[in-house]
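*Asks:* Here's the letter readout for the chains.
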Amino acid sequence: MNPKCHPPHLADRLLEWFVAPHQLETLQGDLHEEFTYQVERVGVWRARWRYWRDVLGFIRPYVIKRQRNEYPNPTNTDMIENYFKIAWRNLIRAKGYALINIGGLAVGMAVAMLIGLWVWDELNFDKSFANYDRIAQVMQHQTYNGKIGTQTAIPFPLGDELRRNYGESFKHVLMATWIEPRVLTVGDKTISKSGLAIEPQAPAMLTLSMRKGTWAGLTETASILLSESTARDLFGEADPMNKLIRLDDKTTVKVTGVYEDLPQNSSFSTMSFITPWELFLSERTWVRAMENPWRSNSFQLFVQLTEQADIGKVSAKIRDVKMKNIRPEERRYQPQVFLNPMRQWHLYSEFTGGIRTGGLIQFVWLFGSIGVFVLLLACINFMNLSTARSEKRAKEVGIRKAVGSLRGQLITQFFGESLLVVALAFGLALAVVVLTLPTFNQVADKQIPLPWTNPVFWLLGLGITVFTGLIAGSYPALYLSAFKPLNVLKGTFRAGRFAAVPRRVLVVVQFTVSITLIVGTLIVFRQIQFAKNRPVGYSRAGLVRLAGTENTHKYIDVIRSELKTAGVIAELAESGTPATDVWSTNGGFEWRGKDPGLSVDFPNAGVSYEFGQTLGWQLVAGRDFSRAFGTDSAGFIINETAAKFMGFKNPLGEIVRWDGHPFTIIGVVKDMVVESPYQSIRPSIYHLDPNNGSFVIVRINPAVSTGQALAGIETVFKKYNPAIPFDYRFIDQEYARKFGDEERIGTLASIFAVLAIFISCLGLFGLASFTAEQRTKEIGVRKVLGASVLNLWGLLSRDFVGLVAIAFGIATPVAWYFLSNWLQQYDYHTNISWWIFGVTGSGAVLITLLTVSYQSIKAALMNPVKSLRSE
Amino acid sequence: MKRTYLGEFEEIVLLMVAGMDGEAYGVGITHKLNEETDRSVRLNQVHAALHRLQEKGMVASRLGDPTPERGGRRKLLFTVTAYGYRTLQEIKAVRAQLWSTVPITPKLATSL
Numbered sequence: 001m002n003p004k005c006h007p008p009h010l011a012d013r014l015l016e017w018f019v020a021p022h023q024l025e026t027l028q029g030d031l032h033e034e035f036t037y038q039v040e041r042v043g044v045w046r047a048r049w050r051y052w053r054d055v056l057g058f059i060r061p062y063v064i065k066r067q068r069n070e071y072p073n074p075t076n077t078d079m080i081e082n083y084f085k086i087a088w089r090n091l092i093r094a095k096g097y098a099l100i101n102i103g104g105l106a107v108g109m110a111v112a113m114l115i116g117l118w119v120w121d122e123l124n125f126d127k128s129f130a131n132y133d134r135i136a137q138v139m140q141h142q143t144y145n146g147k148i149g150t151q152t153a154i155p156f157p158l159g160d161e162l163r164r165n166y167g168e169s170f171k172h173v174l175m176a177t178w179i180e181p182r183v184l185t186v187g188d189k190t191i192s193k194s195g196l197a198i199e200p201q202a203p204a205m206l207t208l209s210m211r212k213g214t215w216a217g218l219t220e221t222a223s224i225l226l227s228e229s230t231a232r233d234l235f236g237e238a239d240p241m242n243k244l245i246r247l248d249d250k251t252t253v254k255v256t257g258v259y260e261d262l263p264q265n266s267s268f269s270t271m272s273f274i275t276p277w278e279l280f281l282s283e284r285t286w287v288r289a290m291e292n293p294w295r296s297n298s299f300q301l302f303v304q305l306t307e308q309a310d311i312g313k314v315s316a317k318i319r320d321v322k323m324k325n326i327r328p329e330e331r332r333y334q335p336q337v338f339l340n341p342m343r344q345w346h347l348y349s350e351f352t353g354g355i356r357t358g359g360l361i362q363f364v365w366l367f368g369s370i371g372v373f374v375l376l377l378a379c380i381n382f383m384n385l386s387t388a389r390s391e392k393r394a395k396e397v398g399i400r401k402a403v404g405s406l407r408g409q410l411i412t413q414f415f416g417e418s419l420l421v422v423a424l425a426f427g428l429a430l431a432v433v434v435l436t437l438p439t440f441n442q443v444a445d446k447q448i449p450l451p452w453t454n455p456v457f458w459l460l461g462l463g464i465t466v467f468t469g470l471i472a473g474s475y476p477a478l479y480l481s482a483f484k485p486l487n488v489l490k491g492t493f494r495a496g497r498f499a500a501v502p503r504r505v506l507v508v509v510q511f512t513v514s515i516t517l518i519v520g521t522l523i524v525f526r527q528i529q530f531a532k533n534r535p536v537g538y539s540r541a542g543l544v545r546l547a548g549t550e551n552t553h554k555y556i557d558v559i560r561s562e563l564k565t566a567g568v569i570a571e572l573a574e575s576g577t578p579a580t581d582v583w584s585t586n587g588g589f590e591w592r593g594k595d596p597g598l599s600v601d602f603p604n605a606g607v608s609y610e611f612g613q614t615l616g617w618q619l620v621a622g623r624d625f626s627r628a629f630g631t632d633s634a635g636f637i638i639n640e641t642a643a644k645f646m647g648f649k650n651p652l653g654e655i656v657r658w659d660g661h662p663f664t665i666i667g668v669v670k671d672m673v674v675e676s677p678y679q680s681i682r683p684s685i686y687h688l689d690p691n692n693g694s695f696v697i698v699r700i701n702p703a704v705s706t707g708q709a710l711a712g713i714e715t716v717f718k719k720y721n722p723a724i725p726f727d728y729r730f731i732d733q734e735y736a737r738k739f740g741d742e743e744r745i746g747t748l749a750s751i752f753a754v755l756a757i758f759i760s761c762l763g764l765f766g767l768a769s770f771t772a773e774q775r776t777k778e779i780g781v782r783k784v785l786g787a788s789v790l791n792l793w794g795l796l797s798r799d800f801v802g803l804v805a806i807a808f809g810i811a812t813p814v815a816w817y818f819l820s821n822w823l824q825q826y827d828y829h830t831n832i833s834w835w836i837f838g839v840t841g842s843g844a845v846l847i848t849l850l851t852v853s854y855q856s857i858k859a860a861l862m863n864p865v866k867s868l869r870s871e
Numbered sequence: 872m873k874r875t876y877l878g879e880f881e882e883i884v885l886l887m888v889a890g891m892d893g894e895a896y897g898v899g900i901t902h903k904l905n906e907e908t909d910r911s912v913r914l915n916q917v918h919a920a921l922h923r924l925q926e927k928g929m930v931a932s933r934l935g936d937p938t939p940e941r942g943g944r945r946k947l948l949f950t951v952t953a954y955g956y957r958t959l960q961e962i963k964a965v966r967a968q969l970w971s972t973v974p975i976t977p978k979l980a981t982s983l
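So the sequence lines, in the order shown, correspond to chains A and B. When we follow our numbering, the leftmost residue of the first sequence carries the number 1, and every step to the right adds one. When we follow our numbering, the leftmost residue of the second sequence carries the number 872, and every step to the right adds one.
Honestly, the hints are just simulated from the structure, not real lab data. The reader is advised that the hints may include incorrect statements.
Below, in silico cross-link-like pairs of lysine to any residue (SDA-like), each with a Cα-Cα straight-line distance of 20 Å or less [unchecked claim]:
{"no.": "1", "chain 1": "B", "residue 1": "K927", "chain 2": "A", "residue 2": "K392"}
{"no.": "2", "chain 1": "A", "residue 1": "K65", "chain 2": "B", "residue 2": "R923"}
{"no.": "3", "chain 1": "B", "residue 1": "K903", "chain 2": "A", "residue 2": "Q38"}
{"no.": "4", "chain 1": "A", "residue 1": "K65", "chain 2": "B", "residue 2": "E926"}
{"no.": "5", "chain 1": "A", "residue 1": "K392", "chain 2": "A", "residue 2": "F84"}
With the sequences and hints as input, model every part of the structure.
*Replies:* Here it is as structure tokens:
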């Protein structure tokens, strides 16, 4: 054939690609023959053109469809298909074990995932801010009562000082107040929201994403930026821009912007609005008028460093900035200013003696390790059940090896099997997480979403699945694949006497972890209960706290007499302290016999005459404040700790000078728990202050129902404060909130502990049923020879109880060590009593017996005829 | 009378196969069809018909000898099967029967 008359190459290639191999030869032959014929008839070009048309015309299913091979060649994919088939058949054949395996793993993985989400949320705290690496808070260490304390509160001029002398290191230096509640009024709508006053560059520093307005919204003095949710609460769907809002019914501000709500895992999540610092200064004229502005620590200071500045160096540079400016007599507080970088705010902001000692990060570690342990427990179940059941599959391994499987291939097979099981468990675990996440969020006080769209989440999920599959599958894979085919197939194969040793070790590990967790949970709850039972020094029942206002203070006497006449209250008092917290501490106290080098700082509170009577404090010496004594305005009532601290045998009548002014101690009260119920009580001082109306504390008349009393109080308060919402707090509820953190940890830890013991028992149940099954014949023979059910029950249960006893022996010192360390951080703590270990130990044995007994009794009750007949 | 349905084109191809007496193959049939019926038939149409006929069991195929104009490739040769042959005969008989009922000078429609 003339080479020039060759059919188009490309068309031929296409043909070769799509035509089924068995048809190609004859079909292509026909096409080529036709082409040669057409070349002679119509010429090369038109023949080629026809050739193309013909080739395309053959694109038909019957041409493309490949012939089925009757005898397929085994390939890798066929082998893998076979592996999956066998794995699936094994799962189906032993449904109970499959359920234990997959269920246990799923629970373990679900716990690990939930904890993982929690840890992820904690580690990403504040990371939503673009300037995360550059933002810092200015803080200070000071020495009080001989101890170094660390605080965020700093004096007013510090901001200007940093700007003036160290301005080159900072991009922004922003003075701010705390996030505090204020009353926002628009028309007849009044709500109470928390927010702060800060200098105008704050939106830029926090890179707020503005829904309306710009970052420059705080430049006008009478302006306010609202969070999106606050704007919605106040204005609904209407445009809030340039609308006017009344703040605390005193100041009018204009809305100049709306920013997107900050995420829940950020330090500013509670910030519902921002007002300008200038506005705050104009509302509180005393700030600028302070005679010694460096003395009072009442503000916060945030900075953003420039790109070049090194946070450590800047922090060292500004260390003595306060020391240089304060008066000589204040130098003994030894203030050291430093920068606390944003990355350490949430997790590492605990200081002891001026040194960073950690913080919430310990919970990240605690829960992280619990998550890993629970997952480990589930993996151990898998390993134990797989190896225990290995005998059932020994023959399969033997056959596979005899027909030529390499060890490597068997290892692949068993890894594949465990991956299959883990993948099923992962699916189930995801479902569990989806169902339990809302509850978990509630318990953990979080708003963690499931990051469906986050590739990192899926990568981690895949990673955990593969990792778990490899860990859980490693032992069976290596153990099973090492069987010698000859031994196995001869039928004499018995796992050696020591084959069960690793399994026992793993059971011991499981129960060690579970028992440690249970002891831990018990002790956490005991500590909480211990602190709850701590005598608080006053009576909390029927005590209500209201926020004081200008008008309540002005008309307090009228209000008091009106309420008393109405019979809804037993007593009422004004106070500078909320009764469940310390709002003010002061130095400058001097007394007889005081070490002149000692700088002190006592919680103190200005109160009204009826404070003690309202609160119901208990005097141990002297008397309460009384209107009958004019001199009481220069009187102190101190607590027992203060009396002890000052070293007075008989404190009554002693003179304590406060900034030089003499005060006489007229009474000593029993210590009251005001701050954390876990800490020791600080020396505290109370004095009369006719100008302090921050809070109104009310004791409801016990003869009147709470609802009725509150309604009565509201009527009177509304009369004098028509514009302010009636907002009240029950002191006992406020006090109960002090236990929130510990209770949360306790609840979470107890859930995990229960799950851990559940997973361990699941594994034990599987092992027990396996042993019982394996020893069916032995039990049959024993029964024939006269063993009683009790005998057999003991025989089958003894092993497991022994293992749990060993685990208990290991867990006791471990738990003791960690928990006594944990308790040390609380001044007021319970002791680890032996009965806790006793209860846990006997509980563990009991649970083990219950788990194992079901199987062992079932085995012991079996009819020996049945078990011996079958062969 | 029950029999497998044959399309008109299939019937013609089957007749061709029968007529070529064991030497029928794709290109040969196509050319002969084009010459004798004055139709323009394409190779792939013939192949499709042969495929269907084989599926119906009316033709059988075997591999023939390679020829140079096919680039040394073998032909797929088709022979009619007994079933196929009987079917053809039945069709012919039916036609003949029907023809016998037609008058020698039928009335033809005059206007259309």
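*Asks:* Give a verdict on every hint.
*Replies:* Here is how each hint holds up against the structure:
1. B/K927 - A/K392: 52 Å, violated
2. A/K65 - B/R923: Given that 20 Å is the threshold and the Cα spacing comes to 14 Å, the pair holds.
3. B/K903 - A/Q38: Distance ~14 Å between B/K903 and A/Q38 Cα, so the pair holds.
4. A/K65 - B/E926: 14 Å, holds
5. A/K392 - A/F84: 17 Å, holds
The structure does not agree with numbered hint 1 stated previously, though it agrees with all others.
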